[in-house]
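**Q** So the chains spell out like this:
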Amino acid sequence: MSSILLQVIVGGLLIGAVYALFSSGLTLIWGMMNVINFAHGDFVMLAMYAAFVVWTVFGGGPLASVPVAALFLATIGILSYFLLVRHIMRGPMIAQILSTFGLALLLRYSAFWYFGANFKTLPDDILGPPIVIGQIRIDAPRLLAGIVGLVVCLLLHLLLTRTAVGSRMLAVSEDETAAQLMGIRPERMQALAWGLAAGSTGIAGALIATFFYTSPTVGESLAILAFVTVALGGFGSVPGALVAGLLIGVIEAVSAYWIGPVYKDVIVYSLFVLVLWVRPQGLMGKV
Amino acid sequence: MMRRSIILGILAVIALTYPILTIESPVYQRLGALVLLAAIGASAWNILGGYAGAISVGHAVFFGAGAYAAIAVYTHFGLPPIVGAPVGAAIAILIAAIIGVPTLRLSGHYFSMATIAVAELVRVLVTNWEFVGGAQGIAGPAVPRTVMDLSFISAMPYYYLFLAVLAAILFLTWRIERSRIGYYLRAIKDSERAARSLGVAAGRYKLYAFMLSAGLTAVGGSLYAIMFTFIDPESGLGILISVKMLIMAALGGAGLLFGPLVGALILVPLEEISNSLLGGKGAGLTFVAYGAIIVIISRFLPGGLLPLLMELFHRKPKAAATGEQREANRVA
Numbered sequence: 001m002s003s004i005l006l007q008v009i010v011g012g013l014l015i016g017a018v019y020a021l022f023s024s025g026l027t028l029i030w031g032m033m034n035v036i037n038f039a040h041g042d043f044v045m046l047a048m049y050a051a052f053v054v055w056t057v058f059g060g061g062p063l064a065s066v067p068v069a070a071l072f073l074a075t076i077g078i079l080s081y082f083l084l085v086r087h088i089m090r091g092p093m094i095a096q097i098l099s100t101f102g103l104a105l106l107l108r109y110s111a112f113w114y115f116g117a118n119f120k121t122l123p124d125d126i127l128g129p130p131i132v133i134g135q136i137r138i139d140a141p142r143l144l145a146g147i148v149g150l151v152v153c154l155l156l157h158l159l160l161t162r163t164a165v166g167s168r169m170l171a172v173s174e175d176e177t178a179a180q181l182m183g184i185r186p187e188r189m190q191a192l193a194w195g196l197a198a199g200s201t202g203i204a205g206a207l208i209a210t211f212f213y214t215s216p217t218v219g220e221s222l223a224i225l226a227f228v229t230v231a232l233g234g235f236g237s238v239p240g241a242l243v244a245g246l247l248i249g250v251i252e253a254v255s256a257y258w259i260g261p262v263y264k265d266v267i268v269y270s271l272f273v274l275v276l277w278v279r280p281q282g283l284m285g286k287v
Numbered sequence: 001m002m003r004r005s006i007i008l009g010i011l012a013v014i015a016l017t018y019p020i021l022t023i024e025s026p027v028y029q030r031l032g033a034l035v036l037l038a039a040i041g042a043s044a045w046n047i048l049g050g051y052a053g054a055i056s057v058g059h060a061v062f063f064g065a066g067a068y069a070a071i072a073v074y075t076h077f078g079l080p081p082i083v084g085a086p087v088g089a090a091i092a093i094l095i096a097a098i099i100g101v102p103t104l105r106l107s108g109h110y111f112s113m114a115t116i117a118v119a120e121l122v123r124v125l126v127t128n129w130e131f132v133g134g135a136q137g138i139a140g141p142a143v144p145r146t147v148m149d150l151s152f153i154s155a156m157p158y159y160y161l162f163l164a165v166l167a168a169i170l171f172l173t174w175r176i177e178r179s180r181i182g183y184y185l186r187a188i189k190d191s192e193r194a195a196r197s198l199g200v201a202a203g204r205y206k207l208y209a210f211m212l213s214a215g216l217t218a219v220g221g222s223l224y225a226i227m228f229t230f231i232d233p234e235s236g237l238g239i240l241i242s243v244k245m246l247i248m249a250a251l252g253g254a255g256l257l258f259g260p261l262v263g264a265l266i267l268v269p270l271e272e273i274s275n276s277l278l279g280g281k282g283a284g285l286t287f288v289a290y291g292a293i294i295v296i297i298s299r300f301l302p303g304g305l306l307p308l309l310m311e312l313f314h315r316k317p318k319a320a321a322t323g324e325q326r327e328a329n330r331v332a
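Protein sequence lines correspond, in order, to chains A and B. The first sequence runs 1 to 287 under the numbering used here. The second sequence runs 1 to 332 under the numbering used here.
No wet-lab data here; the hints were simulated from the structure. For glycine and all other residues, C-beta sits at the position ideal for the given N, C-alpha and C. One or more of the hints may lead you astray.
[Stated by the list, open to error] Below, a sample of chain A positions facing chain B; criterion: calculated Cβ distance under 8 Å:
(1) I36
(2) L84
(3) I88
(4) S99
(5) G102
(6) L105
(7) W113
(8) E176
(9) I224
(10) F227
(11) D265
(12) S270
(13) F272
(14) V273
(15) L276
[Said to hold, decoys possible] Per label pair, the in silico range of CB-to-CB distance:
(16) B:F300 - A:L63: 38 to 44 Å
(17) B:L79 - A:P123: 50 to 56 Å
(18) B:S107 - A:T161: 42 to 48 Å
(19) B:I266 - A:Y213: 34 to 40 Å
Construct all of the structure, not just a fragment, from the sequences and the given hints.
**A** Below is the structure:
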């Protein structure tokens, strides 16, 4: 294997861990209440702008922007749940789909109006010079993003499977009424799910902002990436999202290297349609 | 029935005389044409999304097929753009048949996601396809050669052309609504499983609705291209094209014959006013308003405005009270 290909694959794995992180949020919400948040990509976009604001106003790097973006997004997630999602969950399908779509437009074009259409970038050397391991050169922000993405994903998985809160959330996702009879408040658990999902998306967004351009419409393509990841990993499965995220990161990087950067989206979107067609339950999902 | 005919008659007279009443102000004539154009797209979307309940967020693909076909027959063969309309419709129907088979099996949210992905896929491909102008787009005849180019300075000819097409689409929809297929589609929307168990070939009828909806959307795209004589990936295939069809239908009342027209009557003037008032900055704010309207509609008025208007006139909405909405009311 040539060292360039190796470098491409490592780069793909690192970005894949970030994809996995923000897709975990989408899959968590889907698993809890069978609602797709079409504004998910725009949650990432907001987090990226949050990181940008933290840098330009306070001069803070990722250490400051990650917690700020996480808290900011968690608040937005919980607000979205209480003000909007809670009310439309049992409504007609078109209202469910439209509501988060409307939220997406609202967020996207508020950012457009406030920050303008121009791309914003954080300084390349925000975390110092690239790190060289053997023949592989990795930009420090990408390395940090990959590691944090992986760790937060695993923490989220442990929270859902190994703690009492996680069990309660699982109970609500399986049967709301039964959970209620056991003294669990479904609304609290669902609000918590939105908070966790949006919060982890916030972390992912703040990390992506350190090496990717920020623009109001960036959420559009990120949302589709999250859809692909979630569909491939299985709707509702956080470990599935992790595996699928890493896989998609690598597929994207390798196809950009072999076929050309323009066609990496074509490959990934085709993969999405193919997965929905052939295996709608995903790699690790339950039907 | 009598009263309904009278109301429809009055509306038809208003629609027919509108350009003559506004003969002094080209701006209003143009606005009227734009409303009708938007209503054509939204009404075409309504056949699949409103009646069959499959919420497509990828109809821009079909709109783009019509728009690109109209301009491409001019740039490559020197034909009048209108010749491209049937070509575009045929391509759209073909695409619908190909992507409909795998995606229509998906329910609810899955279908919407799949259509978004297909639309983005096509957008990326067209952006890199030089035959149709790539990212720059392609332009139609700059100067009309014959009347067949349908290039007019006044908006009035466009108005009547669009009105005729919209009337044809609404008539077709009305016939479908009353036919066996119409009942099948609404049964599928209420509960696909129940419809299937009663012997409705749900997949087949959804596919028919998809193909018809796609072909008519392509006609809307061709008309757009004929009026604006330019098309690029953003104006022909952008996600906002799909979203606008969806919003107009939902605002007026998805699954109602006149729902999309009511939505277009509200949203198009709103967009034009905010664009002209706010200028360049307005584009962003217009869509902020769009977003807010969608959120409010879906939160407080999931059936759309038309049922509400009909209630004001003490009339029961005809097709609106589907089981799904009754369910929503019961829970609320």
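**Q** For each hint, tell me whether it holds in the structure or not.
**A** Here is what the structure says about each hint:
no.: 1; hint: I36; verdict: holds, 4 Å
no.: 2; hint: L84; verdict: holds, 6 Å
no.: 3; hint: I88; verdict: holds, 6 Å
no.: 4; hint: S99; verdict: holds, 4 Å
no.: 5; hint: G102; verdict: holds, 3 Å
no.: 6; hint: L105; verdict: holds, 3 Å
no.: 7; hint: W113; verdict: holds, 4 Å
no.: 8; hint: E176; verdict: violated, 13 Å
no.: 9; hint: I224; verdict: holds, 6 Å
no.: 10; hint: F227; verdict: holds, 5 Å
no.: 11; hint: D265; verdict: holds, 5 Å
no.: 12; hint: S270; verdict: holds, 6 Å
no.: 13; hint: F272; verdict: holds, 5 Å
no.: 14; hint: V273; verdict: holds, 6 Å
no.: 15; hint: L276; verdict: holds, 5 Å
no.: 16; hint: B:F300 - A:L63: 38 to 44 Å; verdict: holds, 42 Å
no.: 17; hint: B:L79 - A:P123: 50 to 56 Å; verdict: holds, 53 Å
no.: 18; hint: B:S107 - A:T161: 42 to 48 Å; verdict: violated, 28 Å
no.: 19; hint: B:I266 - A:Y213: 34 to 40 Å; verdict: holds, 36 Å
In this structure, the earlier hints numbered 8, 18 are contradicted, and the remaining ones agree with it.
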